[in-house]
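Enquirer: Listed below, chain by chain, are the residues.
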Amino acid sequence: MKSQTFRLEIVLERCLERMARGEPLEVCLSDYPEHADELRSMLQAAQRLQQEPTPEISPTVRRRARAQLLVHMAAHPRAAGRQPPTPAGATGVAAVLRRLLLGARRRPLWRPALALATMVVVLLVGLTATAQAALPDDPLYGWKRASERVWERLHPDPLTTDLLLAARRASELAHLSSEEETAPETLEAAGASYAAAVQELEQYRGPEAEVRIQLALRRQRALLRAAGVEMPAVSPPPAEPPSAPALTPSEDIAPTVTLPLPTATALDDTVPEVTPAPPGVLPLPSPTLALPAVEPSLLPTAGGSGGATPAPTGAPAATVTPSPTATPLLPPVDELLTPTVPWLP
Amino acid sequence: MTQRILQQEQESGLVHRAKDGDGDAFAQLYDAYIEQVYRFVHYRVGERQLAEDLSADTFLKAWEHLDRYEERGLPFGAWLFRIARNTVIDHYRTRKAQVQWDETVFQIEDPDAPDVAEAVGTQLAAERVIGALDALTDDQRDVLILKFLQGMNTATVADIMEKKPGAIRALQMRGLQALQTIMGVTDEVADV
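Chains A and B supply the protein sequences, listed in that same order.
The first sequence maps to residues 1 to 345 in this note's numbering.
The second sequence maps to residues 1001 to 1192 in this note's numbering.
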């Protein structure tokens, strides 16, 4: 019975739709003969309703009512961007999202967004600055290393950056080793970090770079030694084959000038001796960088733009005139020894 | 008076402007819907004056609560008819007008009013239909008015009445059955 009623509702709806499209009543009834009697009375009632004259509001009343509405709207203005009241119980993520979306649509949100962005930037800068003093067992140490990686990518002088980073690792290692409560694994990790930083320096070649590296490493060794960190001995630099045939002294070659360069021997006088590490100390790497032996005759000469290149035949390539105003290729030793890492103790 | 028909995009733009406080935009929505709202209210209350009051009240309420309307599948017209329907229900519930409308608006003589004969004929016809509709339940009456006197489809009526289409179809069938019976009786009385 219920299903029959439901079917009749559906059939009635279909017939009403067909009649609305202009189909005659009888055609629709013929399609549903089993419901024809019931359908006929209902469809006729619907037709009678549709044929009733429709009441219309008079234009004058409508105009006056419109004017009254305008007066009312002027007297009760709606605030632009007024937020809809939150329905009772509409809390949680959905309600917040809804308010945010509606707010974005009706009200410019750039001000709070700008304030939020500024706060985030200030927070990041402050966090980064604070993190620079972090040690490997500090929570901010990861942030410090991340900021260093950004620094490495952005700094125009990679050698300076790597020297500073190696100095930082040495400083951290010295700090940790001077603290009694430092865990052995932390100390070991710091040593490994320092070793890695030193290893990074091996990629740089050239007299100036090697001098700077050598000086920095000696300073760091001194620092670590003062902090009680024993390091393995510095291995001597491997003997490099001569890159150019040795010059045979010739009477035709003008005498060369020896610039007042710091030599390894001279520096060694100012740096404590490096003693071999006993078993059990931190496995620090042995820096293999060292000043190459520089032939006095290959050193740059005063006013010379490369006139000292030896010719394979031993013939005089150029005549180098000694000058008292000769400019050395490398900066003075004092300058090189000046600490470049201000935060190093 | 021809009724302004708004395209959906145009209506949506007017609604947005009205929500931002633009009274002119809301006045255009009034122009588009006043006839339909008045017709519905008139069939529901059966009095011209009261229908005008309640129609105007419908638009005042719509203006006041426009921020509650959200275009999420519910056309603005359907939302407006919900307000009109609730306004009529409230009227019968309280039996007093809810709006302090300026009486002078409606007490001035209307030069556009139809002539007496036409007005009486329309009124009698409407009263006859309204008289028959009065015998139905409120829901049945609303369904028949919205579907057959306003020409809306079942889905829109369901939106306005906040019911499912199946419920509207059921109300439609029972309402038509009852109406046919009532109008058949009144026809017989009229013939006598």
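Source of the hints: derived by calculation from the structure; they are not laboratory data.
Ideal Cβ placement from N, Cα and C applies to all residues, glycine included.
You may find that some hints are simply not true.
Stated by the list, open to error - Here are a few chain A residues that face chain B, going by a calculated C-beta distance under 10 Å: (1) Phe-6; (2) Leu-12; (3) Gly-22; (4) Glu-23; (5) Ala-46; (6) Glu-56; (7) Gln-68; (8) Met-73; (9) Ser-171; (10) Gln-203; (11) Pro-207.
Unchecked claim - Cβ-Cβ distance ranges computed for the label pairs, FRET-style: (12) B/Thr-1137 to A/Ala-117: 55 to 63 Å; (13) B/Glu-1047 to A/Gln-4: 38 to 46 Å; (14) B/Gly-1073 to A/Ala-117: 47 to 55 Å; (15) B/Glu-1071 to A/Ala-146: 43 to 51 Å; (16) A/Gln-132 to B/Glu-1071: 31 to 39 Å.
Unchecked claim - Residues from chain B that keep clear of chain A, each with C-beta distances beyond 10 Å, as calculated: (17) Asp-1020; (18) Glu-1052; (19) Asn-1086; (20) Thr-1137; (21) Lys-1163; (22) Leu-1176.
Enquirer: Against the structure, test the hints numbered earlier, and report the numbers of the ones violated in rising order.
Expert: Of the numbered hints, 3, 4, 9, 10, 11, 14, 16, 17, 18 and 22 do not hold.
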